[in-house]
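Respectively, the protein sequence lines represent chains A and B. Position one of the first sequence corresponds to residue 1 (UniProt numbering), numbered consecutively onward. Position one of the second sequence corresponds to residue 1 (UniProt numbering), numbered consecutively onward.
Hints may be right or wrong, so weigh each one.
[Claimed, not checked] Among chain A residues calculated to face chain B with C-beta under 10 angstroms, some are:
no. : residue
1   : F40
2   : L42
3   : R78
4   : W85
5   : S87
6   : S114
7   : A140
8   : F143
9   : C235
10  : P263
11  : T268
12  : T277
13  : V291
14  : I296
15  : D378
It should be emphasised that the hints constitute simulated quantities derived from the structure, not laboratory data. As the structure is a computational prediction, the values presented were derived from the model and not from experiment. Where a beta carbon is used, it is the ideal one built from N, C-alpha and C, also for glycine.
2 protein chains.
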Amino acid sequence: MPARTSSPSCGRRAAMSESLAQRAAALDAADELAGARKLFALDEAVYLDGNSLGALPAHVPDRVADVVNRQWGQLRIRSWTEGDWWSAPERIGDRIAPLVGAAPGQIVVGDSTSVNVFKAVVGAVRLNDDPARTDILVDATTFPTDGYIASSAARMTGRRIVPVDPADLTSALGPTTAAALVNHVDYRSGRLHDLPGLTAAVHEAGALAVWDLCHSAGALPVGLDAHGVDLAVGCTYKYLNGGPGSPAYLYVAERHQASFDSPLPGWTSHADPFAMTPGYEAADGSTRGRVGTPDILSMLALEAALEVWDGIAIETVRAKSLALTDFFLECVDAYVPAGRVTSLTPAEHASRGSQVALRCEDAPRVMETLTARGVVGDLRRPDVLRFGFTPLYVGFADTERAARVLAEVLAG
Amino acid sequence: MPARTSSPSCGRRAAMSESLAQRAAALDAADELAGARKLFALDEAVYLDGNSLGALPAHVPDRVADVVNRQWGQLRIRSWTEGDWWSAPERIGDRIAPLVGAAPGQIVVGDSTSVNVFKAVVGAVRLNDDPARTDILVDATTFPTDGYIASSAARMTGRRIVPVDPADLTSALGPTTAAALVNHVDYRSGRLHDLPGLTAAVHEAGALAVWDLCHSAGALPVGLDAHGVDLAVGCTYKYLNGGPGSPAYLYVAERHQASFDSPLPGWTSHADPFAMTPGYEAADGSTRGRVGTPDILSMLALEAALEVWDGIAIETVRAKSLALTDFFLECVDAYVPAGRVTSLTPAEHASRGSQVALRCEDAPRVMETLTARGVVGDLRRPDVLRFGFTPLYVGFADTERAARVLAEVLAG
């Protein structure tokens, strides 16, 4: 265990705690997103794991019950033709679009993130269509499924994977680069990568940029269209609160859609799916990214969940997210003995996502105790405590409490 | 319109109807599956589209509400670690296994059928691992997504597709065959193909047999293990009543699992997924067929739906299915003027699935009117009326009524 270089006295700590608690109350009182919390089913716990599984929006159960009882149970097959099932993938994609800075018609919902990474990376290589471009650069620090799937995409398109740290991406780019796959926010450290700058650098090298938005969509502005991103994927069960394992999405920039050549050309991506012709003809637009029959229960639960975003600007969410993580780091710094934890989260706002990751020698025990005491984050083995800050339902008093309980657990 | 070669007189038709209605009542009274109907949410309509979307099992809404409200809403992230979410793909696969004649540990649930076709066909080519075997034979009569996806699998493994009618499959097999993909029951005609015989022929040629069970699982015995099938896929929203677009499944025979090399090696198929290591190491067993995070809402709805099969033998279902389709064909023959419709469904039991397909010149109008009159089948463009017989909730009186209303609509 690191030596405690300093440790506030009991009296001093109580005074700090009062002061930070007062600050928290004032910040909550001024928070223009404070009203969003009532849209969610929450209890007295401080839920700092919305970056792993978003909380349940309170109106979703009734909507799911309608899908199950009426749409499936009563209308049955008629819901495919008369209801709003068939077009759900594109319709829900268009609902996600403004949250990630995309115009309508470019995002389609369905499948898992991993399956969409496969479509996107193979699609990027084929859009590039230059056998001299042998390399797919993959964020070596990212959530590993991206690397596993990109390796398969490389193998199946005659390319090779080159793992790179995003910090070294620009220098790794060159005439042999076909595409680069980068995670916008690192799942472990919470580091936010420079999407505009890296996308421009990738384009400068004549390659395509594929972004994984799992840890940024719903937490901060992405600006897919504004920054000329080529393809992107993301999940919907973190900051978008779509439910456990809810369907992921694929973004194909409009300029690429006519040439997008999916490796998974399932029947629902056909130009005329119900003709059921032996020959495949790809649909136009985002529909080309569909594969099989849409998973309606999960998809319509997600659609309902997205309604909590009505009237909320992602810029407001970002401002609160940074204020929350700043405040959490400040509280941790005040309450936790120096050296007991080490923050992996960048101090500068431009490089910070919406989570705080603290390295801690006895992280498994600490997270278990924290959870039992009503502060729910998660553990990334072997030694990282992750705390996700979801501005729609986490407040400043929650944040102060989380840091205070953390300090108590670390002292225990 | 074909000439009416004969047409029963009014009086004769009424007598026939009475007689067939009496027969139906007797058959229903003797039906050992009659009690299963009360397990489903049904109304007065005759629902003959369970081969497209199975009816809602009556207990599923409460189970889904529990998944949403308690497991997601209250336990939140704890359901992944403390609940039964993580192992759902294998656990539900093992629940499907006895229905298709598979021992436990060989079926994993997740993704769409199309995605699983991709895994299975690429997997078969790689298991075969012989560059001289350039051909993937694909059932040319099947639901087209199989052909579309198999074409992509061929393109990405340096093979080629050879479309064949299953009737010609045996003669098309040879030293260049890598694998054959066949639909067990044709989605349009309802023809049942000879799984044991064709699998043996494929093996005789040194190739691998991949079966699509979408239209057979839950309707008739499949015998995957007994007949030595190599790989199989199927959907769960037809005869398995899993709900609209519910997750599909992949069967990899135990003898192939250690060599099965998935083209979609997502993080949940890793031997130690939470180690989140950069290098991929495939899990053992059916887990190797997983890809991304399981779609919990849909998956647990499916799990609940499968409980209607408790205590029901698939052989009993098959016997009733044949009795129902026999009886329907008999009623159609009795009620419908000769030549007005043509059955595409094989008369011999060994070649019949659990549906009856009738070709009819004005099929779109007929199906629309039938549906409005409470007999729900579906249309396969341009001229096929499909009637699916799901033995768990369709009875003989339903069947007689469907044929009688059909005759009235055809006469209208």
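Okay, the hints, checked on the actual structure:
1. F40: Hint holds; F40 of chain A Cβ to chain B Cβ min 9 angstroms, cut 10 angstroms.
2. L42: Hint holds; L42 of chain A Cβ to chain B Cβ min 9 angstroms, cut 10 angstroms.
3. R78: R78 of chain A check passes; min Cβ-Cβ to chain B is 8 angstroms, inside 10 angstroms.
4. W85: The hint holds - W85 of chain A has a Cβ within 10 angstroms of chain B, the shortest such distance being about 6 angstroms.
5. S87: Nearest chain B Cβ about 13 angstroms off; hint violated.
6. S114: Holds, because the Cβ-Cβ distance from S114 of chain A to chain B comes to roughly 3 angstroms (cut-off 10 angstroms).
7. A140: With Cβ-Cβ at 6 angstroms, under 10 angstroms, it holds.
8. F143: With Cβ-Cβ at 7 angstroms, under 10 angstroms, it holds.
9. C235: holds, 7 angstroms
10. P263: holds, 5 angstroms
11. T268: Since the shortest Cβ distance to chain B is 8 angstroms, the answer is holds.
12. T277: With a minimum Cβ separation of about 6 angstroms from chain B (threshold 10 angstroms), the hint on T277 of chain A holds.
13. V291: holds, 5 angstroms
14. I296: Holds, about 4 angstroms.
15. D378: With a minimum Cβ separation of about 6 angstroms from chain B (threshold 10 angstroms), the hint on D378 of chain A holds.
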